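Engineer: One letter stands for each residue in the lines below.
There are 2 protein chains.
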Amino acid sequence: MQKKMLMTPGPTPIPENVNQRMAEGMIGHRSSDFTDLMNSIKPKIKDVFGTKDDVVILSSSGTSSLEAAMVNLAAPDEDIVVIVSGAFGARFRAIAETFPYNVHTYEVEWGDAVDPGHFKEFLSKLDNIKVVVSQACETSTAVLHPITEIGQIVKDYDKDTLFIVDGVSSVGGTKFNLTESNIDCLISGSQKALMLPPGLAFVAMNQTAKQKVQSNDIPRFYLDLNQYFDSLDKDTTPFTPAVSLIQGLDAVLDSIAEEGLENVFERHMKMRDMLRAGLEALDLELLVKDDFASPTVTAFKSSSDELSHIKDELKNNFGITIAGGQKHLKGKILRIGHMGYMFPADIIVVLSAMEGILSKYRQQNYYGKAITKAQEVFFNDL
Amino acid sequence: MQKKMLMTPGPTPIPENVNQRMAEGMIGHRSSDFTDLMNSIKPKIKDVFGTKDDVVILSSSGTSSLEAAMVNLAAPDEDIVVIVSGAFGARFRAIAETFPYNVHTYEVEWGDAVDPGHFKEFLSKLDNIKVVVSQACETSTAVLHPITEIGQIVKDYDKDTLFIVDGVSSVGGTKFNLTESNIDCLISGSQKALMLPPGLAFVAMNQTAKQKVQSNDIPRFYLDLNQYFDSLDKDTTPFTPAVSLIQGLDAVLDSIAEEGLENVFERHMKMRDMLRAGLEALDLELLVKDDFASPTVTAFKSSSDELSHIKDELKNNFGITIAGGQKHLKGKILRIGHMGYMFPADIIVVLSAMEGILSKYRQQNYYGKAITKAQEVFFNDL
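If you read the protein sequences in the order shown, they are chains A and B.
Just so we're aligned, residue 1 is where the first sequence starts under full-length UniProt numbering, counting upward by one.
Just so we're aligned, residue 1 is where the second sequence starts under full-length UniProt numbering, counting upward by one.
In short, the hints are calculated from the structure, not lab data.
Values in this document were obtained by computation on a predicted structure and should not be read as measured data.
Be careful, since some hints might not be right.
Pairs involving identical chains hold if they fit within one copy or between any two copies, as the list cannot separate such chains.
Below 25 angstroms or equal to it, Euclidean Cα-Cα: the simulated PhoX-like pairs (lysine-lysine) are [claimed, not checked]:
id	residue 1	residue 2
1	K159	K315
2	K332	K234
3	K234	K315
4	K46	K159
5	K234	K311
6	K332	K315
Given the sequences, and given the hints that come with them, work out the whole structure.
Structural biologist: Below you can see the structure in the form of structure tokens.
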């Protein structure tokens, strides 16, 4: 027997009460039980997304919310800018290129954040851009982009240009405010900071964006958000929804409200700071600078051999699963997820295991060193 | 406290062992744990779909499998025939009309089955039909269409015309054999006879259909089946899948194999025959003739007042949820689902409750009458 710890940047561990809620019994999706459930969720989920408008719940993976945002908010033949700073920006570009758009890519070195001044200059040279798309946290690099500054640049460029933000690995783990950040559409998935199994996707948008959805005639059916908005007014969904996950969502939103949103965000930042201090004490190089380090996932570099040793040892001897790099970062980084149902104590455990693994691997004594740094971060703030 | 019985034609009750499996703990979708899971599912799910080819698992509602079949198998500007015999045929037509196809509708009276001779004549008058689409069971009317005869007609018309069958409310409850029935693509969802919560959709197809998927250039991303087939070869999925539902699916497929597929189908037919005999003993008119009665759902007619009384009393006093009619059958029929994790004893319970409800409502003695007929069906076969 081995206690398992899933520390990937999604899926993430499911709290016990959420598992229980998801198993409480199936209900008809056209029953009053279900409309009561949706009615209970509606206000609570707005708080987490930082919006006063409705948040659409799709029964599908996070990727579907990227496609939904794209095909509902960009009309055929429009010019759009996709910021690509990692694997999920690249996926967003692949989605955009699937449909009849003129796609302009703003490339950012993987591991770096968008430089606002440079991006402003890039954008100013383009005409008639109707949509700009960016990750908030690029999961593949653990960078949190300066979304509020990018939003301001987009609106300064043209107040009618829509700004779509991918919050799949950040919503629920870091603060959003759609109005303050000039975000027209914020999307996310269930399996990251929202502590649910994968299978739900979310689309929050303001009234300006919603109008564009209505007028957009690009062919789509399952991802046609007009149907979801109409249904949401009646506390229901246009197609049979993933009922058990939505039951779980209600429990998750209650847990978040109980801890307090600000406390949830504080906890994520504390885990990030503890982990980063600990990794540095292990002489591991962080991929991302402090200013742009995501509160939800952390990436570090080392030799390919050492990384693969760390990952295997964590999995085989400690039951801890962490993630490797994606695409051209494969073999160059490892990523530790610290979002959702995860706590400072979990950071202590993974650092403790890594101290031992590296002490043996490098024949150098790291015992207590990473943990001490993490403790300093934790206790200094108390 | 009240024991709940969900007897709608989807979602359906979840077995306890499936709930437990879904709560056993989240696993990374890029881990060997997950590829092992997919590898375990692959052969078992083929048996249930009656195919030797791969079955794609989508993380989304059943409706998405209708759209996936359509946009992957019908190319732009092609002529397609949609058989519409109820609400889900109408949905399939709505999907078809969303995309650039020439859509021909073959209308069937709601509650009737396709008349093969008549359909053959209809089809023979059309040129260059590339795809024919039909429900197997039309959930909204409880009709099971003569799919094998329709499949033969389609292939006699043109051996290259693809036949797509919607098995959302029948796969797992009634036998399919893609080759024998000339079905090129069979789709389904998780929340009906497959005893899972909603949130998974399935697409089975033969090699001919798969080739068309590859050559079809209609824009699609999340529902582009090429990506799923490529991933399936590596026992994985292109996007983060609904892991907990897939864990549950593995348990469901084991349960089905343990009971034996033929026994599962027998059980469904027995529940149908018991229920139909009982409803007739209650002087309720069945919507569908014996020859086309689905083994998974049964519809009966009565006055709007009586139907609404039956439905409310079942819900309020017995905890039993059944479904009303959809679209123009609203207020004209009720539907009782009897698929998946449901047994002859459940039929006895609902008939027993209805005997009492109707005895009081009609001031006429029905005690024991429906149950007796159901018992005769059950025990005669033993």
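Engineer: Hint by hint, which ones does the structure fall short of?
Structural biologist: 1
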